[in-house]
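J.: Here are the chains, one letter per residue:
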Amino acid sequence: MSILNLHNSLNTYLILAAILFGMGIYGLVTRRTLVGMLIASELILAAASINFMAFNRFTAPDPTLGQIFTLFIMAIAAAEAAIGLSITIAVYRNYKSVDTEDVVDLKG
Amino acid sequence: MNPTDASGILGFFTAEGFAGYADGLAGLVFLIMLAATIIGGIIACNSERLVRAVAGLALCLVGVAAIYYYLNSPFVAMMQMLIYVGAVCITIAFAIMLAAPEENKKHGPAGALSGPFGLITAGLATIGMIGLAVNTKFAVHTKVNMGEVKLIGAELLTSYSMVFELISIVLLIAIIGSLIIARHGRSK
Chain P
36 MSILNLHNSL NTYLILAAIL FGMGIYGLVT RRTLVGMLIA SELILAAASI NFMAFNRFTA
96 PDPTLGQIFT LFIMAIAAAE AAIGLSITIA VYRNYKSVDT EDVVDLKG
Chain Z
28 MNPTDASGIL GFFTAEGFAG YADGLAGLVF LIMLAATIIG GIIACNSERL VRAVAGLALC
88 LVGVAAIYYY LNSPFVAMMQ MLIYVGAVCI TIAFAIMLAA PEENKKHGPA GALSGPFGLI
148 TAGLATIGMI GLAVNTKFAV HTKVNMGEVK LIGAELLTSY SMVFELISIV LLIAIIGSLI
208 IARHGRSK
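Line order of the protein sequences matches chains P and Z. Counting from 36, one number per residue, gives the positions in the first sequence under the working numbering. Counting from 28, one number per residue, gives the positions in the second sequence under the working numbering.
I should point out that these hints are in silico values taken from the structure, not numbers from a laboratory. Mixed in with the good hints there might be a few duds.
[Claimed, not checked] Ranges of calculated distance between the beta carbons of each label pair, as one might list FRET restraints:
{"id": "1", "chain 1": "Z", "residue 1": "Leu125", "chain 2": "P", "residue 2": "Leu45", "range": "36 to 46 Å"}
{"id": "2", "chain 1": "Z", "residue 1": "Ala53", "chain 2": "P", "residue 2": "Tyr130", "range": "48 to 58 Å"}
{"id": "3", "chain 1": "Z", "residue 1": "Ser141", "chain 2": "P", "residue 2": "Leu39", "range": "19 to 29 Å"}
{"id": "4", "chain 1": "P", "residue 1": "Leu39", "chain 2": "Z", "residue 2": "His211", "range": "48 to 58 Å"}
{"id": "5", "chain 1": "P", "residue 1": "Ile111", "chain 2": "Z", "residue 2": "Phe121", "range": "13 to 23 Å"}
The structure presented is a predicted model; accordingly, all values stated were derived computationally and were not measured. Note that CB positions come from ideal geometry on N, CA and C, so glycine has one too.
Whole structure, please, built from the sequences with the hints as guidance.
T.: Following this line, the structure appears as C-alpha cells:
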C-alpha cells in the first residue's frame with residue numbers, strides 16, 4: 036500500500052487515536068496544574084471521537100450514527116471544560132494556586 | 028498528442044491525469060494533517076508553559092477536524108472547528124490568563140507516576156491499543172446510506188430527539204452551574 040493511500044485504511048485512524056490517547060494519559064499523569072490536566076483530557080476525548088468516526092466510516096452500516104455520537108461527545112466535552120475551568124477559577128480564588136499539590140487538602 | 032495520455036507533466040491537464048494527481052495531493056494533505064495532529068498533541072502534553080500547551084491543543088484539534096473531513100464527515104469537521112478550536116481553546120486560554128500565574132510555578136517531579144514511569148504507562152497503553160487494533164478483524168457491513176447532513180438532522184429530530192433534549196438540558200445546567208461556581212466568593 037502506498038504511503039499516499041493511508042487515508043483509505045482503518046488501521047491508520049485507529050493507530051492515530053491510540054497515539055493521541057497515550058499522549059493524553061501521559062499528560063494526565065505528569066501535569067502539575069489543573070488546567071494542564073484538563074488539556075490532556077481533551078486529547079483523550081479527541082482520541083475517542085476519532086475511533087467512533089473511523090468505525091463509522093469503514094464498518095458501520097448506517098454512517099449517520101457515529102456522526103451523531105461524535106456530536107454528543109463534543110457537547111459533553113464542552114460542558115466538562117466549562118465546569119472544570121470554573122472549578123479551577125474557584126480553587127485559584129481560595130488557594131491562590133492551581134497546582135495539584137497545593138490543593139491536596141481538598142481530599143476527603 | 029493523445030489527449031488521454033496521463034504521462035509526463037502535460038498529463039496534469041487531462042482528466043485522468045488530473046484525477047491521479049488529485050489523489051496524490053489528497054494523500055499528501057492527509058500526511059501533513061496527521062503530522063499536525065501528532066506534533067500538536069506532543070506540544071499539548073509536554074510543553075512547560077500552559078499557553079504553548081493550549082496552542083498545541085488548537086493545532087492538534089485542527090488536525091483532528093481535517094481527519095474528520097477525510098472520514099466523509101464535513102459537518103462534524105465544521106462543528107469540531109467551531110466548538111473545540113473556537114470555543115474550548117479560547118475558554119482554556121481565558122482560564123490560564125485568570126488563574127494560572129507562571130511566576131510561582133513549581134518544578135521537579137509531581138508524583139510517583141511523573142517522568143519515566145508516566146511515559147512507560149502511556150507507552151504500554153498505546154502499544155496495547157495499537158496491537159489490539161491491528162490484530163482484530165472487524166466485520167464490514169454494507170452501507171445503507173452515505174451519512175448526509177440532511178439524514179443527521181432527521182435522525183436527531185426523530186430517533187434521537189430524547190437524547191438531543193437531554194444534552195440541551197445538560198449544557199444549560201453546566202453553563203448555569205459553572206457561572207455560579209466561578210462567581211461564588213467574588214464579592215468579598
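J.: Against the earlier hints, flag every one the structure doesn't satisfy and list their numbers going up.
T.: Hint check: 3 fails alone, others pass.
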